[in-house]
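Protein chains: 2
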Amino acid sequence: MRASVPITVDGLKSACSQCNLVELCLPFGMSDRELSRLDELVGARRKVKRQHNLYRAGDPFEAIYAIRAGSFKTDVLLEDGREQVTGFQMTGEILGLDGISTESHSCNAVALEDSEVCVIAYEKLEQMSHEIEGLQLQFHKVMSREIVRDHGVMMLLGSMRAEERLAAFLLNMSQRFTARGFSPSEFNLRMTREEIGSYLGLKLETVSRAFSRFQEDGLISVQQKHVHLLDPAGLKRLIQHQHGAR
Amino acid sequence: MRASVPITVDGLKSACSQCNLVELCLPFGMSDRELSRLDELVGARRKVKRQHNLYRAGDPFEAIYAIRAGSFKTDVLLEDGREQVTGFQMTGEILGLDGISTESHSCNAVALEDSEVCVIAYEKLEQMSHEIEGLQLQFHKVMSREIVRDHGVMMLLGSMRAEERLAAFLLNMSQRFTARGFSPSEFNLRMTREEIGSYLGLKLETVSRAFSRFQEDGLISVQQKHVHLLDPAGLKRLIQHQHGAR
DNA sequence: TATGTTGGTTGACTTGGGTCAACGGGTGTG
DNA sequence: CACACCCGTTGACCCAAGTCAACCAACATA
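Sequences listed follow chains A and B, in order.
As numbered in the working numbering, residues 1 to 246 make up the first sequence, in order.
As numbered in the working numbering, residues 1 to 246 make up the second sequence, in order.
Bear in mind the hints are in silico, worked out from the structure with no lab data behind them.
Take these hints with a grain of salt, some might be off.
Put simply, identical chains are the same to the list, so a pair is met inside one copy or across any two.
[As the list claims (entries may be wrong)] List of simulated lysine-lysine pairs, DSBU-like, C-alpha gap at most 35 Å:
1. Lys124 with Lys236
2. Lys141 with Lys47
3. Lys236 with Lys225
4. Lys203 with Lys124
5. Lys225 with Lys124
6. Lys225 with Lys49
7. Lys203 with Lys236
8. Lys203 with Lys47
Note that the structure is a prediction, hence the values are computed from the model and not measured.
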């Protein structure tokens with residue numbers, strides 16, 4: 001199994017006001033004055049090595065985390081060992097919101113590559129939300145966005161066929177890479193076929209076959225984790241007109 | 001199609017401090033003093049007739065809603081007409097949180113029976129959250145609970161077989177009816193087989209067959225929307241040991 | 001540089017749940 | 001009170017995706 005949680009707290013404070021992820025992360029839309037006050041909020045950074053947990057289901061909830069570098073997956077486990085990946089998170093996205101409701105985390109967060117997060121003590125966030133106008137609103141928006149995103153995944157899992165799911169997944173990845181200044185059409189996935197499958201409610205073989213099919217059809221070219229979207233419009237079309245779907 | 005939105009605003013103010021849903025709803029865990037201040041927050045009640053929309057995807061976001069009586073479903077639609085029910089909501093539960101992120105609603109909320117909601121203007125909620133200690137925390141918990149709930153549905157859609165899904169659904173309904181002081185083992189569903197199917201990612205025929213199967217096996221007795229859980233432990237077992245699942 | 005291990009692909013076969021169709025019972029409306 | 005329509009049930013058939021298995025490529029470790 002995985003090694004236990006490595007807590008590597010850097011002494012250096014993170015500065016939101018200096019961070020190039022501002023327009024993706026919690027501080028989005030806040031004034032300069034508010035931003036500088038926000039710097040107090042972010043306590044420290046923490047490095048998480050590939051395959052290590054940022055937190056586990058059942059851990060007491062104390063902080064939320066903004067991804068500064070790298071990427072994560074979150075998953076929930078059933079008693080009988082079945083796993084469901086509930087999301088993949090990239091830089092600027094917030095992890096740990098699930099923990100607020102019961103004051104303990106309800107899922108596992110695992111780094112897909114060596115990563116670094118900003119630790120935001122929840123108590124402090126609550127307190128500063130009372131003071132900083134824009135922070136409360138922005139935090140609510142972040143939570144709301146997570147809810148909307150989850151509804152999208154439910155749509156995908158509940159009413160799309162295998163190839164539609166993968167197409168939607170690839171387009172979503174593309175869009176998120178684009179928002180981070182990377183190529184919309186060419187990127188390296190950080191997760192395995194099995195993790196993609198778990199997220200999409202499919203077996204890894206089905207994911208692999210769908211990749212191959214897309215390649216045959218000239219929609220993409222894939223080699224291992226490297227994906228090149230050759231015909232994004234074609235992928236979109238695939239989702240819209242269901243081919244006789246469920 | 002459905003009739004357009006009927007806005008029936010009662011003049012009478014709702015009083016959280018007088019409401020018997022306190023321990024289920026937004027005010028949960030707040031002090032008496034805080035509770036009485038909360039009464040200002042809830043502007044008016046609004047009645048929504050069966051099959052009518054409380055709000056629709058695209059509507060500008062202005063308020064969230066606490067269900068005072070009745071029940072709702074929320075759903076998202078794809079361009080090609082596919083529908084996915086994202087949730088069923090009962091008294092004391094909060095609707096509309098999806099709207100915060102983009103300032104417009106991302107799903108439809110439809111009453112499953114003649115219902116009534118408390119209208120909570122979002123602006124006012126924001127403002128009062130700055131002032132009332134417990135309100136902000138409680139609101140965050142409500143949002144977080146929604147996220148956790150959605151993860152549960154993703155688990156269900158992504159890694160359970162048809163009968164497991166229905167069993168999980170029935171146990172969830174039972175638990176929620178219990179929390180509202182109704183029988184844990186006998187209740188009337190408010191939604192059709194098709195709506196259950198959409199929620200569970202199944203066709204209505206499959207839902208119907210699973211109901212029949214459970215009845216044959218002596219786990220439940222069903223007649224139309226009336227359900228009697230004869231062997232809840234058996235239903236739980238059905239979920240835990242997958243019978244050779246996907 | 002060898003070597004084990006993990007991740008990905010592909011094929012052959014099986015099956016759970018979707019599809020199509022017929023039918024019967026409830027219920028809400030005029 | 002009657003009629004229509006919607007809702008639920010059941011059967012027969014089919015297909016998308018799961019299962020099982022073999023194999024290969026990449027990569028990490030010795």
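Status of the hints after comparison with the structure:
no.	hint	in the structure
1	Lys124 with Lys236	neither (43 Å within a copy, 40 Å between copies)
2	Lys141 with Lys47	both (26 Å within a copy, 28 Å between copies)
3	Lys236 with Lys225	within (21 Å within a copy, 39 Å between copies)
4	Lys203 with Lys124	neither (42 Å within a copy, 47 Å between copies)
5	Lys225 with Lys124	neither (39 Å within a copy, 48 Å between copies)
6	Lys225 with Lys49	within (19 Å within a copy, 51 Å between copies)
7	Lys203 with Lys236	both (22 Å within a copy, 25 Å between copies)
8	Lys203 with Lys47	within (31 Å within a copy, 45 Å between copies)
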